[in-house]
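Chains U and R supply the protein sequences, listed in that same order.
Position one of the first sequence corresponds to residue 1 (the numbering used here), numbered consecutively onward.
Position one of the second sequence corresponds to residue 1 (the numbering used here), numbered consecutively onward.
Keep in mind that the hints were calculated from the coordinates and are not lab data.
Bear in mind that the values here come from a model prediction, so they are computed numbers and not experimental data.
Some hints could be false.
Below, simulated SDA-like cross-link-like pairs (lysine to any residue); rule was C-alpha separation at most 25 Å, straight line [unchecked claim]:
no., chain 1, residue 1, chain 2, residue 2
1, R, 196, U, 75
2, R, 187, U, 151
3, U, 84, R, 120
4, R, 196, U, 14
5, U, 199, U, 213
6, U, 84, R, 186
7, R, 196, U, 133
8, U, 240, U, 326
9, R, 196, U, 184
10, U, 240, U, 274
11, U, 240, U, 224
12, U, 199, U, 159
13, U, 240, U, 325
14, R, 187, R, 21
15, R, 196, U, 81
16, R, 196, U, 107
17, U, 273, U, 300
18, R, 196, U, 122
19, U, 84, R, 202
20, R, 187, U, 17
21, R, 187, R, 114
22, R, 187, U, 22
23, U, 240, U, 283
24, R, 196, U, 11
25, U, 199, U, 252
26, U, 199, U, 184
27, R, 196, U, 79
28, R, 187, U, 273
29, U, 240, U, 203
With the C-beta cut set under 7 Å, the calculated list includes, among others, these residues of chain U facing chain R [to be verified]:
no., residue
30, 62
31, 64
32, 65
33, 66
34, 108
35, 117
Glycine included, each C-beta is placed from N, C-alpha and C at the ideal position.
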Amino acid sequence: MVELLEVRRLVKHFPVRRGFLGRQTATVHAVDDVSFSLGENETLGLVGESGCGKSTTGFSILRLIEPTSGEVRFRGQNILALDKERMRGLRRHMQIVFQDPFGSLNPRLTVERIIEEPLLNYETIGGSGRRERVAEALELVGLLPEHMRRFPHEFSGGQRQRICVARALVLRPSLVVGDEPVSALDVSVRAQVLNLMVKLQRRLNLSYLFISHDLAVIRYVSHRVGVMYLGQIVELAEAKTLYARPLHPYTRALLSAVPVPDPRRGRTRILLKGDVPSPMNPPAGCRFHPRCPEMMPPCREHPPLMRIAAAGHIVRCHLYDGGEPWNPIPAACNGSAAQHSTAGGTL
Amino acid sequence: MRAPPERFRNLRAALRLWGETLRALGRSPGAVIGGVLFGLIIAASLFFPWVYTIDPLAQDLLARLAPPFWQEGGSLAHPLGTDNLGRDVLVRILYGSRVSLMVGFASVLVACGAGIALGLVSGYYGGRADSLIMRLADVFMAYPFMLLTISVIAVLGNSIFNLILVLGLSDWVTYARTIRGSVLSIKEKEFVLAAKSAGTCHHTILMRHVFPNVLSPILVLGTVRVANIIIWESGLSFLGMGVPPPMPTWGRMLAEGRVYIMDSWWLVTLPGLAIMLTILSINLLGDGLRDALDPRLRNIPR
Chain U
1 MVELLEVRRL VKHFPVRRGF LGRQTATVHA VDDVSFSLGE NETLGLVGES GCGKSTTGFS
61 ILRLIEPTSG EVRFRGQNIL ALDKERMRGL RRHMQIVFQD PFGSLNPRLT VERIIEEPLL
121 NYETIGGSGR RERVAEALEL VGLLPEHMRR FPHEFSGGQR QRICVARALV LRPSLVVGDE
181 PVSALDVSVR AQVLNLMVKL QRRLNLSYLF ISHDLAVIRY VSHRVGVMYL GQIVELAEAK
241 TLYARPLHPY TRALLSAVPV PDPRRGRTRI LLKGDVPSPM NPPAGCRFHP RCPEMMPPCR
301 EHPPLMRIAA AGHIVRCHLY DGGEPWNPIP AACNGSAAQH STAGGTL
Chain R
1 MRAPPERFRN LRAALRLWGE TLRALGRSPG AVIGGVLFGL IIAASLFFPW VYTIDPLAQD
61 LLARLAPPFW QEGGSLAHPL GTDNLGRDVL VRILYGSRVS LMVGFASVLV ACGAGIALGL
121 VSGYYGGRAD SLIMRLADVF MAYPFMLLTI SVIAVLGNSI FNLILVLGLS DWVTYARTIR
181 GSVLSIKEKE FVLAAKSAGT CHHTILMRHV FPNVLSPILV LGTVRVANII IWESGLSFLG
241 MGVPPPMPTW GRMLAEGRVY IMDSWWLVTL PGLAIMLTIL SINLLGDGLR DALDPRLRNI
301 PR
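Construct the entire structure; sequences and hints are all you get.
If you want it as structure tokens, here you go:
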């Protein structure tokens with residue numbers, strides 16, 4: 001079966017240029033070897049601290065920034081190899097909702113013009129047909145068709161985010177990347193928007209790549225969860241399994257930091273020492289080893305592979321070196337993938 | 001003729017947005033005073049010649065150097081007196097305002113046009129085009145403007161067209177740099193990324209999303225620049241490099257009246273006052289516009 005979206009060994013390095021001649025002095029390893037897949041109707045949550053490369057991953061998948069290497073297969077087609085025109089044709093199936101509801105709507109356009117823009121680009125329908133589609137999209141996200149004549153600044157944050165969702169859905173895409181779509185909202189409004197997104201997923205057969213730093217939000221919306229640390233996925237599993245039995249020491253530390261709304265229940269918090277190292281100079285060996293409470297000698301030198309620790313539970317940690325290596329590339333794949341698989345897991 | 005109503009909906013929406021700016025402008029007393037004064041000056045320069053029908057070149061040699069009417073020896077035939085050739089000062093000031101305003105606005109238009117186009121390209125596309133345009137701007141910045149103007153006028157001859165061209169082209173750098181800076185910040189906004197992911201092409205992104213959002217600093221800059229250009233034009237006319245002679249200009253009135261400053265004060269004071277009031281009104285308006293267009297300052301009680 002071909003998954004809707006398959007990401008293989010995605011890498012994005014940003015060059016750092018300094019000085020008069022703009023020589024490259026360093027490299028930010030924003031995303032380093034990220035692989036996952038996303039099925040139809042599924043939500044994959046990507047969770048991690050700020051700066052761990054979640055958003056860069058999301059942007060790279062849509063080619064809003066060009067990844068350095070890797071593959072992004074949308075319905076089996078590697079979109080990183082597509083030329084401009086064919087990429088443009090594919091964009092209508094993949095849309096994005098951004099974090100900042102104030103920065104993601106052009107303040108000089110009415111809601112109607114904002115939502116109709118994707119339609120203008122891809123569909124040849126007249127003005128009245130377009131207005132109908134805009135009204136439909138507004139109703140879909142719980143706003144009124146009358147709202148289309150207003151400007152973004154006349155709405156609240158939650159309403160603006162609904163407008164963003166309407167813009168993303170007006171072309172009826174199959175994949176929606178949510179880049180922290182509820183992080184800027186108040187808690188009460190956040191729940192409304194989340195419920196809306198979950199409801200729309202069922203109704204419109206959407207697949208979400210949901211990026212957030214909020215463990216509770218991710219747990220609420222995701223079917224599967226990937227935990228990211230310094231540009232890498234360190235653990236990938238079903239949401240239920242991950243929250244019940246986290247395997248990677250980093251995931252355990254993260255989950256132990258979530259407040260429990262029951263004062264009688266005791267809990268042991270795992271406190272991490274130090275700060276996240278700079279992605280300009282990631283540590284050798286396992287990237288988490290300087291802060292890991294269970295650090296072992298090999299962690300300093302050998303980067304761990306992604307291994308299958310339990311059924312459907314993949315971990316990048318030397319504690320689980322007994323598991324089978326996880327190969328995100330199915331055997332029956334065409335030539336371009338072959339060279340990647342021989343490159344090995346020692347990035 | 002029945003136009004489909006949706007044709008006008010976008011227009012109406014845009015007007016509503018500008019209406020808000022205008023209302024904010026109306027709340028600032030400085031802007032209102034400046035606006036009214038500037039409106040009066042424009043109205044006077046446009047319509048007065050029909051009401052006050054005196055030939056600005058006609059010489060009344062019997063009434064040479066007549067003082068304004070409120071002084072001894074003055075008369076209502078020449079309300080603001082006459083110059084050394086017996087030409088009416090009031091009508092010359094009014095005709096001079098046409099030259100000043102026209103040169104001011106036209107030069108700013110030329111500069112704005114060139115600056116906006118180059119700044120948009122430079123900021124949005126970046127790379128080589130950006131380097132090229134910005135180095136060109138550096139060259140223009142490094143060259144003394146007055147020298148450039150004087151040498152160009154000396155070579156091409158002084159006509160009003162040459163004046164507008166040279167004043168306009170020597171001023172594009174400011175606009176280009178302002179626009180470039182704003183474009184650099186706007187193009188990182190999420191709505192530009194959203195447009196990109198919605199499949200909008202670069203040209204449309206530039207015109208629909210970037211350009212309207214970088215317009216307000218240019219509007220403010222342009223307003224203040226009109227005042228600057230009027231001063232430069234007066235300066236050039238004073239030096240005899242401005243608009244050629246029969247046409248009365250404020251700068252040349254100052255130059256010609258300079259000789260008589262001791263006994264005929266009105267020859268230099270009144271055109272000088274006209275320059276001052278025009279500049280003042282434009283600057284008041286520009287300040288108000290800046291505050292009105294900046295949403296951070298919009299709702300601060302004064």
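Hint by hint, here is what the structure shows:
1. For the hint linking residue 196 of chain R to residue 75 of chain U, the alpha-carbon distance of about 21 Å falls within 25 Å, and the restraint holds.
2. Straight-line distance between C-alpha atoms of residue 187 of chain R and residue 151 of chain U comes to about 20 Å, which keeps the hinted pair within the 25 Å bound.
3. Our distance criterion of 25 Å between C-alpha atoms is met by residue 84 of chain U and residue 120 of chain R, whose separation comes to about 23 Å.
4. With a C-alpha separation of about 20 Å, the suggested pairing of residue 196 of chain R with residue 14 of chain U holds against the 25 Å cut-off.
5. Between the alpha carbons of residue 199 of chain U and residue 213 of chain U the distance comes to roughly 22 Å, so the proposed pair stays at or under 25 Å and holds.
6. At roughly 23 Å between alpha-carbon atoms, residue 84 of chain U and residue 186 of chain R fall within 25 Å of each other, so this suggested pair holds.
7. Between residue 196 of chain R and residue 133 of chain U the alpha-carbon distance is near 20 Å, which keeps this suggested pair within the 25 Å criterion.
8. Pair hint residue 240 of chain U plus residue 326 of chain U holds up; C-alpha atoms about 20 Å apart against a cutoff of 25 Å.
9. For the proposed pair residue 196 of chain R and residue 184 of chain U, the alpha carbon gap of about 22 Å is at most 25 Å, so the pair holds.
10. Among the hinted pairs, residue 240 of chain U with residue 274 of chain U is inconsistent with the structure: their alpha-carbon atoms are about 29 Å apart, more than 25 Å.
11. Distance check on the hinted pair: residue 240 of chain U and residue 224 of chain U sit about 8 Å apart at the alpha-carbon level, within 25 Å; holds.
12. About 17 Å separates the Cα atoms of residue 199 of chain U and residue 159 of chain U, which keeps this hinted pair within 25 Å; it holds.
13. Annotation: proposed proximity of residue 240 of chain U to residue 325 of chain U holds, straight-line Cα distance about 23 Å (limit 25 Å).
14. Simply put, residue 187 of chain R and residue 21 of chain R have alpha-carbon atoms about 24 Å apart, close enough for the 25 Å limit, and the pair holds.
15. Between residue 196 of chain R and residue 81 of chain U, the direct Cα distance comes to roughly 18 Å. Compliance with the 25 Å bound is thereby established for this hinted pair.
16. At most 25 Å may separate the alpha-carbon atoms for a hinted pair to count; residue 196 of chain R and residue 107 of chain U meet this at roughly 17 Å.
17. At roughly 16 Å between alpha-carbon atoms, residue 273 of chain U and residue 300 of chain U fall within 25 Å of each other, so this suggested pair holds.
18. Of the pairs offered as hints, the one joining residue 196 of chain R and residue 122 of chain U holds, with about 13 Å between alpha carbons and a cut-off of 25 Å not exceeded.
19. Between residue 84 of chain U and residue 202 of chain R the alpha-carbon distance is near 12 Å, which keeps this suggested pair within the 25 Å criterion.
20. Between residue 187 of chain R and residue 17 of chain U the CA atoms are separated by roughly 20 Å; this keeps the pair inside 25 Å, and the hint holds.
21. A hinted pair counts as satisfied when its Cα atoms are at most 25 Å apart, and residue 187 of chain R with residue 114 of chain R qualifies at roughly 21 Å.
22. Restraint check for residue 187 of chain R and residue 22 of chain U: the C-alpha separation of about 22 Å stays at or below 25 Å, so the hint holds.
23. Under the criterion of a C-alpha separation no larger than 25 Å, the hint pairing residue 240 of chain U with residue 283 of chain U is inconsistent with the structure, at around 31 Å.
24. Proposed proximity of residue 196 of chain R and residue 11 of chain U is supported: the alpha carbons are some 22 Å apart, at most 25 Å.
25. At roughly 30 Å between alpha-carbon atoms, residue 199 of chain U and residue 252 of chain U are farther apart than 25 Å, so this suggested pair is violated.
26. For the proposed pair residue 199 of chain U and residue 184 of chain U, the alpha carbon gap of about 21 Å is at most 25 Å, so the pair holds.
27. A C-alpha spacing of about 16 Å is found between residue 196 of chain R and residue 79 of chain U, which places the hinted pair at or below 25 Å, so the restraint holds.
28. This hinted pair does not check out: residue 187 of chain R and residue 273 of chain U have alpha carbons roughly 38 Å apart, beyond 25 Å.
29. Proposed proximity of residue 240 of chain U and residue 203 of chain U is supported: the alpha carbons are some 23 Å apart, at most 25 Å.
30. Because the smallest distance between the Cβ of residue 62 of chain U and any Cβ of chain R comes to about 5 Å, under 7 Å, the interface hint for this residue holds.
31. Look at residue 64 of chain U: its Cβ gets to within about 5 Å of chain R, closer than 7 Å, so that hint holds up.
32. Residue-level restraint check for residue 65 of chain U is violated (minimum Cβ-Cβ distance to chain R is 9 Å; threshold 7 Å).
33. Look at residue 66 of chain U: its Cβ only gets to about 12 Å from chain R, farther than 7 Å, so that hint breaks.
34. Restraint check, residue 108 of chain U versus chain R: the minimum CB separation of about 4 Å is within 7 Å; hint holds.
35. The closest approach between the C-beta of residue 117 of chain U and any C-beta of chain R is roughly 6 Å, which is under the 7 Å cut-off, so the hint is satisfied.
Taken one by one, the earlier hints fail for this structure at numbers 10, 23, 25, 28, 32 and 33, listed in ascending order.
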